[in-house]
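There are 2 protein chains.
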Amino acid sequence: MHGCRRTFFIVILFMCFLFALFYIDGDFWTKTSPRIMSFSRFSSCHSEQIPDFPKPNIGPFHNDNPTPCTCQNTQPANQYVPKDELEDLHKRRAEEFRQHQIRSGKENDVLILVPANTPLQYPMRGFRVTPMNKTLIPGLALQTQKRAVYKVSLRVQKGVLSVLNVQEGEKVDGQNEKHLNISSSSLQQLNDLLSRLTYTSSSYHIKTEDLAYFTFENHEVIFPIEIRRLSVPVLFDPGKDVNSQVTVLVKAFLRYKELNVLINSIRWNYPKIKIIVADDSLNPEKVVGDNIEHYIMPPAQGWFAGRNLAVSQVTTKYFLWVDDDFVFLNETHIESFVKIMEAVPELDVVGGQVGKNQFSFKLQYEEGSSEEGGCITRVSRTHAPLPGFDSCFFADGVVNYFLARTEAVRRVGFDPVLKRVAHTEFFIDGLGDLLVVTCKGLKIGHQKHSTTNKYGSFRHPPKSDSQKKMTHHFFKNHLKCIKY
Amino acid sequence: MHGCRRTFFIVILFMCFLFALFYIDGDFWTKTSPRIMSFSRFSSCHSEQIPDFPKPNIGPFHNDNPTPCTCQNTQPANQYVPKDELEDLHKRRAEEFRQHQIRSGKENDVLILVPANTPLQYPMRGFRVTPMNKTLIPGLALQTQKRAVYKVSLRVQKGVLSVLNVQEGEKVDGQNEKHLNISSSSLQQLNDLLSRLTYTSSSYHIKTEDLAYFTFENHEVIFPIEIRRLSVPVLFDPGKDVNSQVTVLVKAFLRYKELNVLINSIRWNYPKIKIIVADDSLNPEKVVGDNIEHYIMPPAQGWFAGRNLAVSQVTTKYFLWVDDDFVFLNETHIESFVKIMEAVPELDVVGGQVGKNQFSFKLQYEEGSSEEGGCITRVSRTHAPLPGFDSCFFADGVVNYFLARTEAVRRVGFDPVLKRVAHTEFFIDGLGDLLVVTCKGLKIGHQKHSTTNKYGSFRHPPKSDSQKKMTHHFFKNHLKCIKY
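In order, the protein sequences belong to chains Z and Y. Using the working numbering, the first residue of the first sequence is number 597, and each one after it goes up by one. Using the working numbering, the first residue of the second sequence is number 597, and each one after it goes up by one.
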């Protein structure tokens, strides 16, 4: 091997010379022939990073506090809060928001980069474990030049690492600890050890995440480990006809005449469909009939309380929401809604039109800073057409006549605090959770109004109410300003 | 440059010779002096992959259908399904499960690997966009050897790519298309172009994902793009005392004597806390008192329907569940539950003990195959202690006396189909969604039983009921076998 070593040093000298050329004359390589380029692709040069490139910061980068949002021609949401309560309210809101951030896993919500030119192979995403169960980490490998000794290490925070059935002579330090080192004089053995590396979360949690730091020499990479408990599916048996698929929901208050007109109109085409009536009238009257469930609430308990009660009693996959003064027409076909929902399982709410009214809107929401809160406004626009359905458009909210997926709406709910005027509020709570479309031609009628004064006095609340409401949203939705 | 090229070829020859040596004598490098090793670390050898290492398959790997689970000493869940209905039921269940998989984004749930030794830098996770909004892709870069021309390309499926304000002379093909190519004779310019690369989802969706394929020469990597709509926070104002933090919920049926004993016992220490009573008695009696809300349901509507109704009416951050024949003792302190919840915001349910009974359990669940469904059994064990609270242990289900986070329980809900015997079923539906602990010493009393025959006949349903129930779970929870 002696002569060989001499020749080797000679080559090193030549290489250094080339090197110099490379830096002196940046275009040197480009002037060299393609043959050389293609040769270089198969050279056995190893994968160390080139000094030219500074080591990147690969994270984890936490999303910093978003910038404050501005209330374009809206009033700040706190303007109705009694001055003497504002400070306390602010403190409580800040604490609740802090808890909300923890619950929604904000601290795990980070940006991580993959650095270039590292000899490490590892799982980028999709490595999931169940809490406190030993699980093999897929895809770990080292691919590098020959070394006297190969040494890699892994670090985690919320669990422990271990290599399965380590044999005599395999070098593994830190079995069942947070920091594990593996070394070997054979790259193949090292990769074999990596293929037997497991992770076990050490604290119980049903939905969280850990980060693994994987290191070789001056290379370090990070990859996420998802820790969560499996959920059991919850399915609704749609049965064989519309009666086993849909329940009709009504909130009743005082207007029994209109309610009976509605019920009779439903029975014309749907003699057997279940109707749930949530009733908070001051002096409840009996509402009888087959497949009618009548729930009596404390007097004037409110509009959304009634909606939420009705939804809580549904046992079908879908429900149809109607107001007590609507009326089914010959062209009112519940099946048309169901067809759209079944065709696009991601949909949660399909809105129709009441007479000529096909009210629908878009919500423009900015998170804002965690101190001030967000900004939300409502604009009457839609997002985009629903592919395959010319007459349907994605929106954030629709009119009071819609078919909804029971399970999805239950997750959002109708806030029972909202006693009277309330509608958009449901869609605000559902933003990001409910996929909503509005469709032309799915029609129901509106009865002529014979509103009693008594009803009117409840339907149109005093100013004090809307002030309470603003205070409620200031806190509940963590808003800086609101307008709709 | 002529002489220089000649010397260069000479060197190439030497390098090939070395090469040969390397393959003939694998230990050659190890025998060379440390000086050479350290030199090699700073050599400008580029990052092409070494032929030794086969190109790995980096995915995306879809989780294949899990293996069927086995019913250890349990009966299959379909045994109670009437034979003539089984086939239809199976078909419908398969379709509902298919929709469920789509809704839960199973097709986006993939494993992706980071290959070693690629000159590409890119975001591994945390790159999130809102639907149809142009967003800069962070962290894209190429770090490689000198080339005559540098060429990278990106491909996406659910959106389009574009480089911001492209200047005269910058080579970008496929602006606003799914497939974009960038090339430059300067690495710096190429990386500058990459730093201006944006993604815009082209179809509207509130919760989905795209995959970007990033390529340079024979290197390809994949990274995920999360597409989702921002949600508005929903917070509860805890107010200043337990009355504004907690509502007590009771389901009443026939046993008004016990109910009144309970209510009076609550009023001893909690004169002002709100009590919600969901009542499906056959002949409802009035339940009156300050801060009592009495809801009258259709007769014998059922146990879970009542629970779900009560929860639907809560306006406080937490609720306390009690049965109508419980009784508050001097040592019954709602505040003790609240303290634990406030200390650990991730918690959703804190269970106490009824007399001496601190019933709690663990659920063992296997997904099973998508054809057959899962296997679930209940064992009376806990997971682990709750850090910081010696007397509390993580579990999957607890006794009928618990404090719960209103918003979290609403998301799971009590299935109103379950009319009588039902308790574990709620925790099955909540598996993976509700973080549950059971705590020693949080005590409430149980009244002596004076059960009427009538009550008993409802409380202990005929066998036909439990058969219906099994059929229900066979479908609803997509189960192959169930035992508890």
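Some hints could be false.
Dumping the calculated DSSO-like pairs for lysine-lysine here, alpha-carbon to alpha-carbon at most 27 Å [as the list claims (entries may be wrong)]:
no.: 1; chain 1: Y; residue 1: LYS882; chain 2: Z; residue 2: LYS958
no.: 2; chain 1: Z; residue 1: LYS1065; chain 2: Y; residue 2: LYS868
no.: 3; chain 1: Y; residue 1: LYS803; chain 2: Z; residue 2: LYS803
no.: 4; chain 1: Y; residue 1: LYS868; chain 2: Y; residue 2: LYS853
no.: 5; chain 1: Z; residue 1: LYS868; chain 2: Y; residue 2: LYS1065
no.: 6; chain 1: Z; residue 1: LYS742; chain 2: Z; residue 2: LYS730
no.: 7; chain 1: Y; residue 1: LYS836; chain 2: Z; residue 2: LYS935
no.: 8; chain 1: Y; residue 1: LYS730; chain 2: Y; residue 2: LYS651
no.: 9; chain 1: Y; residue 1: LYS742; chain 2: Z; residue 2: LYS742
no.: 10; chain 1: Y; residue 1: LYS730; chain 2: Z; residue 2: LYS935
no.: 11; chain 1: Z; residue 1: LYS687; chain 2: Y; residue 2: LYS1065
no.: 12; chain 1: Z; residue 1: LYS803; chain 2: Y; residue 2: LYS836
no.: 13; chain 1: Z; residue 1: LYS1079; chain 2: Z; residue 2: LYS1065
no.: 14; chain 1: Z; residue 1: LYS1039; chain 2: Z; residue 2: LYS836
Rather than coming from a laboratory, the hints here were simulated on the basis of the structure.
Evaluated hints:
1. LYS882/Y x LYS958/Z: violated (45 Å)
2. LYS1065/Z x LYS868/Y: holds (23 Å)
3. LYS803/Y x LYS803/Z: holds (18 Å)
4. LYS868/Y x LYS853/Y: Since the Cα atoms of LYS868/Y and LYS853/Y sit roughly 21 Å apart, the hinted pair holds (cutoff 27 Å).
5. LYS868/Z x LYS1065/Y: holds (23 Å)
6. LYS742/Z x LYS730/Z: Violated - the C-alpha atoms of LYS730/Z and LYS742/Z are around 32 Å apart, more than 27 Å.
7. LYS836/Y x LYS935/Z: violated (49 Å)
8. LYS730/Y x LYS651/Y: Violated: LYS730/Y and LYS651/Y sit about 34 Å apart, past 27 Å.
9. LYS742/Y x LYS742/Z: This hinted pair holds, its Cα atoms lying about 25 Å apart.
10. LYS730/Y x LYS935/Z: violated (33 Å)
11. LYS687/Z x LYS1065/Y: Cα-Cα ~48 Å, so violated.
12. LYS803/Z x LYS836/Y: Distance of about 30 Å is beyond 27 Å: violated.
13. LYS1079/Z x LYS1065/Z: Given pair LYS1079/Z, LYS1065/Z holds - Cα atoms ~13 Å apart, limit 27 Å.
14. LYS1039/Z x LYS836/Z: holds (24 Å)
In terms of the numbered hints stated before, the structure departs from hints 1, 6, 7, 8, 10, 11, 12, listed from lowest to highest.
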